[in-house]
Amino acid sequence: MKGISKAFPGVRALADVHLEIAKGEVLALIGENGAGKSTLVKILGGVHQPDSGIIDIDGKRVTIDSVTAADRHGIGFVHQELNILDNLDVAGNVFLGREPRKFGLINRRQIYADTQPYLEMLGLDVDPSTPLHMLSIGQQQMVEIAKALSKDARIIIMDEPTSSLTLKETESLLRVIKGLKERGIAIIYISHRLGEVKECCDRVVALRDGENAGGLAKEDITHDAMVSLMVGRDLGDFYRHEECRVGQEAYFQVKDLVTSMYPGKKISFDVGAGEILGFAGLVGAGRSEMAQAVFGVDRALAGKLVLDGSEIPLNSTRSVIRNGIFLAPEDRKSSGIILDFSIQHNISLASLDAFSTFGLIRHEAERAAADEQINALNVKAPSADSIVGNLSGGNQQKVVLGKWLAMSPKVLIFDEPTRGIDVGAKREIYNLMDALAKKGVAIIVISSDMEEVLGISDRIAVMHEGAIAGMLSKEQFSEEAVMHLAVGGKATAA
Amino acid sequence: MSSSPFPVQLLKNHRREAGMLALLFVLIIWTTIKTIEPGVDGLFGSKFLTLDNFKNVSRTIGIFGIFSIGVGIVIITSGIDLSIGSLMALLGILFFYGLTGSSDLVPEMSWPLAVLMTLTLGLAIGLLHGWLVGKLKLQAFVVTLCGLLSYRGIARFISHDSTVGSADAVQDISYIKMLCTGSVGDLLQGKDGSGILYSLPMSLVYLAIISVVMMVVLHRSVFGRYLYASGRNELATKYSGINTGLVIATAYAISGLFAATAAIPYAIYTSSVSPSTHGAFFELYAIAGAVLGGCSLRGGEGSILGILIGTTILIVLQNMVNLLGYESSLSDAITGGVIFFGVLGDQVGIKGVQQLFRKITGKGATAVGDGD
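Protein sequence lines, in the order shown, are assigned to chains S and E.
The first sequence maps to residues 1 to 494 in the numbering used here.
The second sequence maps to residues 1001 to 1372 in the numbering used here.
There may be inaccurate statements among the hints.
As the list claims (entries may be wrong) - Computed footprint of chain S on chain E, listed as stretches where at least three residues anywhere in the stretch have a Cβ under 8 Å from a Cβ of chain S:
#1 1210-1224
#2 1236-1247
To be verified - With a straight-line cut-off of 25 Å between C-alpha atoms, the simulated BS3-like cross-links for lysine-lysine are:
#3 Lys-1055(E) with Lys-1034(E)
#4 Lys-1047(E) with Lys-333(S)
#5 Lys-333(S) with Lys-1034(E)
Note that these hints are calculated values from the structure, not bench results.
Ideal placement from N, C-alpha and C gives every residue a C-beta, glycine not left out.
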């Protein structure tokens, strides 16, 4: 790809960007949100057309004016949000639109037989007739890769493939990538997780504000080098939280909580004021379910919540919120914000009672509160009336936080707070956690990002199959210790 | 930063309403011109602009507007209420039974009590729908479809499938008649006058009061914000500590109450309720009016003003078909066509027209001046 430019109304998304990839190369494409990564690969995938620039494949000039054209040129796309139909089976997804037919009906034997080799190639041990909804997200993603392979893809684009995978699944994905590489398939790998990039990529290309910002060869790939390429400035210490708990009384306690997902397991823990308690574990270990049960949006079967010595009724989101316990949920778009609402309406949603008299909203007060949060959190948007759906992931997360910060939090639960968020916004969120902790807010951070959970927490609770497998103090922190507990190892291995 | 002048801002925020208002004006002007006949007593000599026709049209708008607002509110919560027409038939029959005492089912009662009973029943049935949809999470379409079938069925059963009228009432029902089908003039200055006040039907007054109240509720109140929020993203609203089940249930209760509110003047106006046809398809007119006025079936979108405009377009269309002497059987087809093209034009909008224009004029080769 040479000299690719693309403008959207009011925004210049790409300016004269170059990108090359060799057969069997794994190329990491990195950059902050809005840097133009997605636009660039969407042009390659035929979703957008460039305003100018050329694309050569194998020395031949090509025009990719549709997704079908991209298919024809051997370009496969594994999307961030999976593009699967979970009511169909594996084979039906792999051969969607190209089903082998017999008398106009789908030839079942043929389609299963044709699917099998691709699954074997990827080491995916499922039957081709398994319905997709019975597979884990990681397995579903493998099905998408199988789909690309079945179309003879020579270039596979992976847009944030690991953002919703467990550690184990991520590892097996990285293994598959190595396998694909050996077959001579070129892979463009977009990720915010720099650890993975370091592990699996041969070369790094960074974009910044729609322009090439430089690249790194394999031996030069380091965390710091990548970060400074992406942001164009030195970030200083990424995680800055200093431990401030030491010897404090338990401020918020969860006692013998039983979630409906693991009815046989009890969860107990406490957080001090000013402490950041990390929750690590594999996806499915019940961390989000624990948070949702505490917050009262999922039914808790039993348990006790105690804040500052007084008990809070279980299973009532309203009273939990009234007591200053807030949740920034894992699935931001579906449960954190209302995408079609303005920033102002999102921020005020939980605290409208404070801005109203006799049930009527005082718009000036509402506006002032929204503006205050927008300024405090540095939300990048034209005004408080901007629709949240048009903001980047980082700014959307800030709106979620703004909703709660407008109400003076006592306990703040972050569930995957930086998923799909660029480096700059990530750091702002870490700084915010630190600032809140300093003010005495008890903070719980659920994260599947190992680096993040080790970097930000004062203590880490590791969950395994619905129970807390072990609690690590700062001096015990290590990736190995967390993994050991997460896969079911005994605490404090003697 | 660079905020547009107020009227432009207003237009931007209410694009759909403005578009439909323009459609309504075109419709009115068209009908006015087409119905000009020599010797007619109306404005510009148009049959459409006579006081009598105005009274007729606005009475119907009043009745249809009231229940359309109820259905519109349900649609804003991303629900649907299909039971309106059948509910109005059932309530009409029960109301008349109360007035006349002609059935063992309902004791004879004074008319204020009959009104109260009808409103309470409407509210109760609405609450039932709300409980089923909001709390038990049954699908609104299914719940109210069952309502559509069963209320009509019950109405036919209790009336033995024969017409129920108000004529055999023993008590004097002239006052409630006046309140329902009379005019502002009748109320203020006594019977049998003439003039503009006598052409202002009471049902339009009720609609005006309900509209103003609901405008405040929908666009100014906390509850109104919760309605839109629940309609747009119920989960996120729930995660903000709002009892979305209760909010949604309230919307259905309002819809039931407004259906009852409209059922009374409509029953009095028809003076006899034939159980199998009374109010048939009203639920669909309500949905059509709300959608035409900018309510999205996805929920979270719509305004009272829009619903009023949408309803008015429907009624004026039907009136036009009558006045122009088309086959009245054609009226629904015309209504359907106008709704379709209205919504299509709004969806495709200016952009679509531009694209079409670009395709015709030169395959996108024409430079698009996108300024900054």
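Right, here's what the structure says about each hint:
{"no.": "1", "hint": "1210-1224", "verdict": "holds (count 5)"}
{"no.": "2", "hint": "1236-1247", "verdict": "holds (count 8)"}
{"no.": "3", "hint": "Lys-1055(E) with Lys-1034(E)", "verdict": "20 Å, holds"}
{"no.": "4", "hint": "Lys-1047(E) with Lys-333(S)", "verdict": "55 Å, violated"}
{"no.": "5", "hint": "Lys-333(S) with Lys-1034(E)", "verdict": "52 Å, violated"}
The structure does not agree with the numbered hints 4, 5 stated previously, though it agrees with the rest.
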